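Kindly produce the complete structure, drawing on both the sequences and the hints.
According to our numbering, the sequence shown is numbered sequentially starting from 61.
Worth flagging that the hints you see were computed from the coordinates, not collected in a lab. The model shown is predicted, which means the values in this text are computed figures rather than measured ones. Be aware that one or more of the hints could be misleading.
[To be verified] What follows is a list of derived Cβ distance ranges for each label pair:
hint, residue 1, residue 2, range
1, M155, A72, 37 to 43 Å
2, Q149, R90, 19 to 25 Å
3, R71, E105, 16 to 22 Å
4, R79, T150, 32 to 38 Å
5, A93, G73, 18 to 24 Å
6, A72, T150, 28 to 34 Å
7, L96, A72, 30 to 36 Å
8, L96, L141, 16 to 22 Å
9, A137, L96, 21 to 27 Å
Ideal Cβ positions, reconstructed from N, Cα and C, are used throughout, including at glycine.
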Amino acid sequence: MMRLIATFTPRAGAAENVRAILRATAEASRREAGVLAYDLYAPTEGGDTLITIESYTDAAAFEAHLASAHVVRAQAALDGLLAHEAAVQTLDPLMPTSCEDEQR
Numbered sequence: 061m062m063r064l065i066a067t068f069t070p071r072a073g074a075a076e077n078v079r080a081i082l083r084a085t086a087e088a089s090r091r092e093a094g095v096l097a098y099d100l101y102a103p104t105e106g107g108d109t110l111i112t113i114e115s116y117t118d119a120a121a122f123e124a125h126l127a128s129a130h131v132v133r134a135q136a137a138l139d140g141l142l143a144h145e146a147a148v149q150t151l152d153p154l155m156p157t158s159c160e161d162e163q164r
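This is the structure in structure tokens:
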């Protein structure tokens, strides 16, 4: 399993557009083979930062996700709307994940 967190910081005035693009991307991504979870969050404390928490069956599923038409469209649509490139962190589990526990 592959998990990651991506953080998106919109430019001033672009937050609603970025939110709409990421919401549509999340909805389409959830229907992809190999995507176990794709969730979009905003910090409870407020602000315009948006975060996706994503889980894939493996690295190949993630690569297929990146090549999908809706992700390519989203990347083009986000061009110029972000304060800087999205920060992506791949995660290594330190114990069995709750998803893995549910499969037992």
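Status of each hint after checking the structure:
1. M155 / A72: 37 to 43 Å: With a Cβ separation near 40 Å, M155 and A72 satisfy 37 to 43 Å, so the hint holds.
2. Q149 / R90: 19 to 25 Å: Roughly 21 Å apart at Cβ, these two residues keep to the hinted range, so it holds.
3. R71 / E105: 16 to 22 Å: Holds, since R71 and E105 (Cβ atoms, about 20 Å apart) stay within the stated range.
4. R79 / T150: 32 to 38 Å: violated (24 Å)
5. A93 / G73: 18 to 24 Å: Violated, since A93 and G73 (Cβ atoms, about 37 Å apart) do not stay within the stated range.
6. A72 / T150: 28 to 34 Å: For A72 and T150 the Cβ distance comes to about 29 Å; the hint holds.
7. L96 / A72: 30 to 36 Å: The hint (30 to 36 Å, Cβ to Cβ) holds, given that L96 and A72 are roughly 34 Å apart.
8. L96 / L141: 16 to 22 Å: violated (28 Å)
9. A137 / L96: 21 to 27 Å: holds (25 Å)
Going down the numbered hints, you'll see the structure goes against 4, 5 and 8, while the others check out.
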